[in-house]
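Participant: Chain order of the listed sequences is A and B. Residues in the first sequence are numbered from 1 upward in steps of one, following the numbering used here. Residues in the second sequence are numbered from 299 upward in steps of one, following the numbering used here.
If you are wondering where the hints come from, they were derived from the structure by calculation, not from laboratory data. C-beta atoms are modelled at their ideal positions from N, C-alpha and C, and glycine is treated no differently. There's no promise every hint is true.
What the hints assert, rightly or not - Straight-line distance between alpha carbons at most 30 Å, and here's what the computed DSSO-like set of lysine-lysine pairs gives:
id	chain 1	residue 1	chain 2	residue 2
1	B	K668	B	K766
2	A	K92	B	K365
3	B	K668	B	K725
4	B	K365	B	K376
5	B	K363	B	K508
6	A	K92	B	K376
Unchecked claim - Chain B is nowhere near these chain A residues, computed Cβ spacing over 12 Å in every case:
id	residue
7	E16
8	P65
9	A103
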Amino acid sequence: MGPSRILHLMNPLRHEFIASCLAEGPPPAVLEASSPNSANLHYLDIGCGGGIFAESLARTIPLDPSAPAPTPSRAASMTAIDPTTTLIQIAKEHARMDPTVDAHLRSGRFRYLNTTLEDVLASPTAPESQSTQPTAAQAQHPQFDVVTLFEVIEHIDPNTTTPQAFLANCLRALKPGGWLVGSTISRTFPSFILNQVIAEAPWPIGVVPRGTHEWRKFVNPPELHAWAQEGLMRAADSAATRGWPFPAGRDEVEMCWSCLCARSRVEDGAGLRKLGQLLLGCEEGHLNYHVAFVAFGL
Amino acid sequence: MRSIPRAAIFPYVCASCRHDVTAGLRRLSTKTTQSPEIYDVVCVGGGPAGLGLLAALRASPVTSKLKVALVETQDLRKAREWSLDSTQYSNRVSSLTPSTVEFLRRIGAWEHLQLNRVQPYQEMQVWDGETGSRISFDWSSETPAFENLRTVATMTENSNLIRGLLERIAASGDENLTLFSNTTVASIENGSDTQGDGPDLSAWPVLSVKPVGPAGETQPPSQIAARLLVGADGINSPVRAFADISTQGWDYNRHGVVATLALEDLGIPSNSHTAYQRFLPALGGPIALLPLPDNHATLVWSTTPQNAAYLKSLSMPAFIAMVNAAFRLPMVDLNYMMGIDKSTSEPSTHEDELSWRLQHTPLPSHIPRKAIGVQEGTVASFPLRFRHASQYISPRVALVGDAAHVIHPLAGQGLNLGLADVAALSKTIEYAVSHGMDIGDLLTLERYSSERYLPNAKIGGACDLLHKLYTVPGQNPIAWARSFGLDVIDKLPFVKSFLMRNAEGY
C-alpha cells in the first residue's frame, strides 16, 4: 500500500497509546464530565500530513455531540494543521471519501488548517466547542486537551526553529492537565541502518524517497525530556507575561514525563499499552502537564 | 479487482499525478441519481454466515451502534417461525464443532436455539470399507475416568441455527438495523462523487435492492451504499462477481445424498452418542450417519451422481436396506446391490439380499444401529464441489462462508469454517471501530483475510486429499498405505489429539 504503509500500521497503536495515556492521567475535562464517557476532548494534530492520524481520530467523533464516545479517545473535535499546502489538499480530498468524516468537516468539528503552529497560537479562534458549558479557558489560550505530535519532531527544520522552541509552542496550545502525545525515532545505530540505509535504499528495497529522514535530526529520550521541561517553563513564562489564564506560576508547574523506547515490532502494541504505568513522579491534581513520547529504535 | 478510481485506492498520490484520473471521474459522475442511504455494514445473504455476522456485530458493545443491513431473497419471517414436530427433523443438518458452539454462546445466539433438537456426540468411528482399518475419535485419552466424555461435535439443523440467529438479532432491538427480507440485489455498482455537495462515494459499493416477485416490478429499487459490503451469498456470490474476485476449484462429480432416518431402539438409554463414517472407495465416497435426538440420525452419503440417482429412486424399504448394507457389507456385495435392476426384480430384493448376505459377513465391532425408517420427503441430494476464492477482500468488500470457500463435506467442516470467518471478521470490525479505522479499508480487512485464508485452505485441502485417497477402489498400494496411516494415527494418542484439536477449530 505504498510508502505510507508503515504509518498506517502504526496508526491503531497511536490510538491505544493515547487511550492508555488518558486512562493514566485523565484531563480535567474528563474528570468534570457529567457522564462517564462523554466525548469532550479537543484534539490538535500538529504536522498532520496526509491526515492518516487526524482522519482516523475524526472518525471516532460521534455524529451526535451528546452521544457517548465510541472509543476511549473521547474526541469532540479535531484540528489538524500542516504547513504544506499539497498535503492539506490531499488530506481534504481523502476525507471526502468517508461520509462520517465529511460530515465532521462540514460541521467544523474536524478542521484541516494549512497553517503553522505559531499561527494557530497567534489566532484567537477556539475550536468549535461542543461542550454544554464553555469555559473561559476555551475562549482563549490554551485551547486543546490533547496535542499530538506523531513523527514530526525529527523533521523540524533547524533553519527556522529549534525542537525546543517548537515543543514550547506545543505546550502553549495545551490546557493544564492535558496531554502532549508524540512519537519519534531515536538516534541510534540500528535506527541509522533501518531508516537511512534500508528504508531509503533504491527500489525495490527502499520504501520512502531519499531524504525523507535525516538521521542527525533524530531525537533521543533524554534530549526530548530536557526540551519538553524547558519548553514548559517558557510556556508558563509567556503565559504569565501575556496575561493568559495559565494556572500557576512557573514554580508550580509540574510535568509528568514518560518516554518509551519501543524495541518491539510496530505491530506489537503490548509495550505501548504498558506505557501508562510508566509515568512516574506525578502528583494528583490538575496542574500536571503530561508529556508522553515513544522513541522508536533500539 | 474491480475498477475503482485510482485515487480511491491510492489516495496519497500527489495532485498533479492524479489530475487525469479525476478529470475522467467528473464526466462519469454527471448522471444524476438519488443519493443512496449509507450503511456501515451491508451483508448480502441471510444464511448462517450472514446472520451470524449480524448477530456478532449486534452482540458486541463496540460494534452494536453500527448501522447494518442484511439482504436476503428468502422470507426471513418464515425462517424465524420455523418449527417442526419433535419426531421430524430437517435433512439439512450440520455438525458444529465446540469452537463454533463457543462462538454462538459468546454472541448470545446459542440459547435461542431449540436445544432439545440438537445432539452432541462424544465419539466418532471412521473406517475403511475396503481394508477394514479403523480409527476412533474421542477425548477418552484426555478425560479422567468416571467423567463424561467431552463433546466432539454437536449436530444441529441449519433451520434451527438460522431461527436462533434471527431470534438473537431480534432480541438486540431494531435500532440501526434493517433486514431486507424477500429482497434481491438487482445490481451492485460503484457510487458517484457528488462534487462538493456531499461525500465522494466513487469507491463505495452501492446496491440496488428490490422486493422479490411482482412488487419488485412496480416499485423502484432502493439504493443503499455500504462502507463494508459482506458477501455471504453462497457459491455463486454476486458480491464476489462485483468485486471481480476469481475462484479456483473443481466439481467432484459426486453427489451427497441426505436423509433423516429413524434407528432401531435398543432400549438402553445412553449418555454417549457416536457418529459413524465408512469410506466406500468402490462407490465413490464415504457414507456417514450422524446422531440426532430420540433415536434419529441424519445420513450423508457421498457417491457418484448415477448411484445418487439410483438411491433416490428406490422405495423406502430398499433405501433403508441399502443404507444398512453400506455400513456392513463388503465392497463387492455393495457394488452388486447398487446394480440390482428394479424393473426386473421383486420389490423386496434389496432387503432379501441384505439379510442373506449378512449371514455370511463377519461384522466389525463398531457399527451403527440399524436404520428402520426414513422420514418422508427427506431423501435429497446435492452436488459436491471444491471452490476457493483467490482472495477474500477487496476495497470495501469481504467474502465469508461459501462465497469464499466450498469444500467436500466428509469432515463436516464447511459451516464451521464459515462461522469461523464470521468470528474473525466481526473481531476485525471491532478492532477497527475501536481504533478509528475505516472498516471498509483494505488495511483493516487485511487482518481478517490473513487470519482466515490459510486455515480455510488447509482444511479444504485436507478434505480434498482425503476424498482423493479414499476414492481409489480395490486392494492396491494406495489402499494399504492409507490403511497403514490410519492404523498408526489410531495408535498414537498425541497425533490423534493433534488432529482432533485441529478439527475442533481451536
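Participant: Now, for every hint given, state plainly whether the structure supports it.
Facilitator: Cross-check of the supplied hints:
Distance restraint check for K668 of chain B and K766 of chain B: the Cα-Cα separation of roughly 29 Å lies within the 30 Å cut-off, and the hinted pair is therefore satisfied. This hinted pair checks out: K92 of chain A and K365 of chain B have alpha carbons roughly 25 Å apart, not beyond 30 Å. The suggested pairing of K668 of chain B with K725 of chain B is violated, with an alpha-carbon distance near 45 Å, which exceeds 30 Å. Simply put, K365 of chain B and K376 of chain B have alpha-carbon atoms about 24 Å apart, close enough for the 30 Å limit, and the pair holds.
Note on K363 of chain B and K508 of chain B: the hinted pairing holds, with a Cα-Cα distance of about 26 Å set against a maximum of 30 Å. Restraint check for K92 of chain A and K376 of chain B: the C-alpha separation of about 47 Å exceeds 30 Å, so the hint is violated. Not every CB of chain B lies more than 12 Å from the CB of E16 of chain A, the least distance being 7 Å, so the non-interface label is violated. Remark: the non-interface label on P65 of chain A is consistent with the geometry, its nearest Cβ contact in chain B lying 15 Å away (cut-off 12 Å).
Under the 12 Å C-beta cut-off, the non-interface status given to A103 of chain A relative to chain B is violated; the minimum distance is some 8 Å.
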